[in-house]
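Colleague: Starting from the known structure of chain Y, fit chain W onto it as the hints suggest.
Quick mapping for you: the protein sequence lines, in order, are chains Y and W. Per UniProt numbering, the first sequence starts with residue 1, numbered consecutively. Per UniProt numbering, the second sequence starts with residue 1, numbered consecutively.
No lab work stands behind these hints, which were simulated from the structure alone. Keep in mind the model is a prediction, meaning the values are calculated, not measured. Just so it is clear, CB atoms sit at the ideal spot from N, CA and C, and this is done for glycine as well. Accuracy of the hints is not assured; some may be wrong.
The calculated lysine-lysine pairs, modelled on PhoX-like cross-linking and capped at a C-alpha distance of 25 Å, are [what the hints assert, rightly or not]:
1) Y:128 with Y:195
2) Y:244 with W:126
3) Y:247 with Y:195
4) Y:158 with Y:204
5) W:163 with Y:247
6) Y:80 with Y:108
These stretches of chain W come out as covered by chain Y in the derived footprint (C-beta under 8 Å, 3 or more residues) [stated by the list, open to error]:
7) 94-105
8) 148-156
9) 181-192
From chain Y, some residues computed to sit far from chain W (all C-beta separations above 12 Å) [unchecked claim]:
10) 18
11) 190
12) 211
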Amino acid sequence: MRLTITRFAVSFTVIIWRHVLKKFIHNLYVEFLIMEKQHSYSQVKGVSTGTTILAVKFNGGVIIGSDSRASMGESYVSSKTINKLIQVHDRIFCCIAGSLADAQAVTKMAKFQLSFHSIQMESPPLVKAAASIMRELCYSNKEELQAGFITAGWDRKKGPQIYVVSLGGMLLSQPFTIGGSGSTYIYGYVDAKFKPDMSLEEAKQFSINALALAMGRDNVSGGVVHLVVITEPGVKHIVVPGDKLPKFHDE
Amino acid sequence: MSEEMFPEPEWLSEEVKTGTTIIAVTFDGGVVLGSDSRVSAGESVVNRVMNKLSPLHDKIYCALSGSAADAQTIAEIVNYQLDVHSIEVEDDPLVCSAATLVKNISYKYKEELSAHLIVAGWDRKKGGQVYATLNGLLSRQPFAIGGSGSFYIHGFVDAEYRKNMTKRESQEFVVNALTLAMGRDGSSGGVAYVVTIDKGGAEEKCILGNELPRFFDQ
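Chain Y on its own, in the form it takes in the complex:
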């Protein structure tokens, strides 16, 4: 009788322990999965541009602009003067938001494909063609890539145009657009201040103000303001250093 009770007690204890251990190990496993997911996500992210970019259409051309800070993680600035405005053809520029590595790879491929395309067509490429090439690349590799683009330029068929290619590969044409982490702070400002058909001077002031406001509030945007003005006669690159930026009421 004692033997039976002991056997019973032992097997009862074993069952309880197995149940407890299983739960414990399951919890550990779930935590491990969560940790691993976060770790791998940050590895994939790498150097992120954490930026503010914008493009504005005005009477006769487009202005495309960005800040100049590249950050790694959220507290290290890896470059203070990086140029995020990449020329993919004579009158077509691109600016990037998101992972810097992904963006450079995509724009390099787009530049190559676009030059090939323009030789075949025997004429300068359309802005829409450039944007479509980026979109194809973004959409077919949407699992691996983490970058969005703004493509702006001038062509003879439709004049000045701006196209946005978002993270998943959507293509959209807009009269002005903003992007990057700093853009959330200036949505209100650009909604209030944008007017269609501005002059060059007004558009320049609009872009500089918007970028300065975003850089003032977003800690991963900063440095200098790079602007590229694209019109029919040509392309002009303007740099506005930090101390020449407009100051607002609390500075």
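Modeller: Relative to chain Y, chain W alone:
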């Protein structure tokens, strides 16, 4: 099978947040407070006409944001404490006292509560004042914005705020800022409530959706 076809609605299990836009601005002689009117629980809107500007005293109002329950409770408690205080000193309370009472509750129960109140009003000693009380911080500012929609208008208010605006200009500034934020933030919307407080008292106004100013929209 029936559970998959009709999943339980989100608002039964999600916390009710005010996910909002609130703003308060001083002008020469008083303050103007503004807020939107949307209350969301997860992705559903549970109240589209809530007035988030609640009175703490005759000439002191506060704007609620964050968790709806926490914010309302803090406002009610401070309303009671201010009444007692004003009877004891036999005079109207100072805005600074109201803000300090809010700050004390926010700081003491920092871990449990998640609400951000902006306290604004007029008193005889210092005129119109705006205090921000985020997480237990007390800070007097010429203007303050809060809530989820406030991120989108940081740039706009930085650029457009000027010292010593008139009453009418401040009201326009507040309505413009609220409209821009409601246009971009998914958790702000509905109508705009505006309260103007000056020496003569508090004046509440409700601006319906179709009367809000229009900005460039495609």
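Colleague: In ascending order, which of the hints set out earlier in this document are inconsistent with the structure?
Modeller: 2, 7, 11, 12
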